[in-house]
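Trainee: Using the sequences and the hints given, assemble the complete structure.
Okay, here's what each chain looks like letter by letter:
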Amino acid sequence: MKSVVQRLEIHTGHDTELIDITPRVRDAVAAAGVSEGVAYVTTLHTTTGITVNEGLPDVEADVVGMLQRLAPTDSPSYSHARFLPSDGAMAVNSACHQRAALLGMQVAFPIEGGKLSLGGRQTIYFAELDGPLRRHYIVHVVGE
Amino acid sequence: MVIDIHTHLTGIVDFMSRDSELPRAVSGVFGYGDPAQPMSTFMAALDEAGIDRAVVLPIDCTTAHGCRVFSNDLIAEIVQAQPRLIGFASVDPNLSDAPEALERAVVDHGLRGLKLDPALQLFDIDDRELAFPVYGRCSELGIPLLIHCGLSWAPLGRSSRAQPLRLEAVVHEFPDLKVIIAHAGWPWVADALMLALKYPNVYLDTAVIYSGTPADSVRHVLADEIGLDVVRRSLHSKILYGSNAPRIRPKRGVAAVRALGLDPVLEGKILHDNAAALLGLEEMHR
Chain A
1 MKSVVQRLEI
11 HTGHDTELID
21 ITPRVRDAVA
31 AAGVSEGVAY
41 VTTLHTTTGI
51 TVNEGLPDVE
61 ADVVGMLQRL
71 APTDSPSYSH
81 ARFLPSDGAM
91 AVNSACHQRA
101 ALLGMQVAFP
111 IEGGKLSLGG
121 RQTIYFAELD
131 GPLRRHYIVH
141 VVGE
Chain B
1 MVIDIHTHLT
11 GIVDFMSRDS
21 ELPRAVSGVF
31 GYGDPAQPMS
41 TFMAALDEAG
51 IDRAVVLPID
61 CTTAHGCRVF
71 SNDLIAEIVQ
81 AQPRLIGFAS
91 VDPNLSDAPE
101 ALERAVVDHG
111 LRGLKLDPAL
121 QLFDIDDREL
131 AFPVYGRCSE
141 LGIPLLIHCG
151 LSWAPLGRSS
161 RAQPLRLEAV
171 VHEFPDLKVI
181 IAHAGWPWVA
191 DALMLALKYP
201 NVYLDTAVIY
211 SGTPADSVRH
221 VLADEIGLDV
231 VRRSLHSKIL
241 YGSNAPRIRP
251 KRGVAAVRAL
261 GLDPVLEGKI
271 LHDNAAALLG
281 LEEMHR
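For the protein sequence lines, the chains are A and B, in the order given.
Numbering follows this note's numbering, with no gaps: position 110 of the first sequence is 110.
Numbering follows this note's numbering, with no gaps: position 180 of the second sequence is 180.
Derived from the structure by calculation, the hints contain no laboratory data.
Hints may be right or wrong, so weigh each one.
[To be verified] Computed, partial: chain B to chain A, Cβ under 10 Å:
hint : residue
1    : D34
2    : R84
3    : Y210
4    : S211
5    : A215
6    : S217
7    : A223
8    : R247
We put the CB at the ideal spot given by N, CA and C, even for glycine.
Mentor: Written out as structure tokens, the structure is:
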């Protein structure tokens, strides 16, 4: 059985955005040389998410709107709003962490015949929730 | 349009290899530990915040800590490559040639202001022998001084060296020297406020960080401690937006000022016009 881990870099451009990474995941799966198996797509951050949805701008806007409704940007109730000495910076992005928790940090898809088995309307998104930043995610392909 | 009067490039990976002392200066002296980002991300962060121009600040800690948190030469090189950035110089007041070093940075390298941090550089603000010649040269050169006052989050910083009241003799003796009290001097806001009210050459920046969100902190200082009526009546031309990036992300600093819900003209002065006038920038329209 093969296990191929590929670390991919992405430069986000906005505070909050859903970025279609489906072509890059497909390329990573193809490069792994696995015919039958599983691909795990995992973000390496706690204020980003990996999610799947229909690749339409209005759907993307509604997902962002949902996140902003469920986890408002500022609230006096948030505890994560203080100076973090290890960072040397203010840690004031509680809403971003909450939105990441709502979306999740990983998705997995089967690989059949060397290709990712996606539904016809499924798009894999890297969700930036506290950008713009340079970010990384992993495509881990396991199979034969 | 927005001008950020107070940013550091300490979170930028591009420059770490340019100066062998810089990684230690950033992590051990300045105290920044978040994963470094490329310069393109810094510029994207300005875009996201709607910031057109940003002042980038070095700190010369040669005597106190044996390093510079960015050199004047490197700042000059960076702003040459990024015209949206405005470079300030820093010199070490503990060194007798500091006035000459400042003049070289301004005349030869085109830097447009002076940054001092008495908490980190470990000098006395009201030291007539060491610091006053630097202020005098700064005044002669016609450039503003942005001076750290108040709480120093730098691990080696000594906030007791950065009490704004110690600027009183300075701003009295150098009436043509425009002095920006960084962080509004928190927690000594009343002292900083007194100076800004009395002296035409004293300004405050909004880079207030102690606890809570930037919106919490800016509101507490400007609305609760100073009072928005005082801001409107007496300080409308004396407060400058500053983020203190990377300790605060620029988008949050701008949002904190906008969250005050000020009259648009007053908000525009804080976010842009006051800094434009102080820096002698041409674009006075918003």
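Trainee: Please go over all the hints and tell whether each is borne out by the structure.
Mentor: Status of the hints after comparison with the structure:
1. The interface hint given for D34(B) holds, since its Cβ lies 4 Å from the closest Cβ of chain A, which is under the 10 Å cut-off.
2. At a threshold of 10 Å, the smallest CB-CB gap from R84(B) to chain A is about 15 Å, leaving the interface hint violated.
3. The beta carbon of Y210(B) comes within 7 Å of a beta carbon in chain A, closer than 10 Å, and the hint placing it at the interface holds.
4. Of the supplied interface hints, the one on S211(B) holds, with its beta-carbon coming within about 5 Å of a beta-carbon of chain A, less than 10 Å.
5. Because the smallest distance between the Cβ of A215(B) and any Cβ of chain A comes to about 6 Å, under 10 Å, the interface hint for this residue holds.
6. Residue-level restraint check for S217(B) holds (minimum Cβ-Cβ distance to chain A is 9 Å; threshold 10 Å).
7. Because the closest C-beta pair between A223(B) and chain A is about 15 Å apart, greater than 10 Å, the hint is violated.
8. Evaluation of the R247(B) hint against chain A yields a held restraint, the C-beta minimum of about 5 Å falling below 10 Å.
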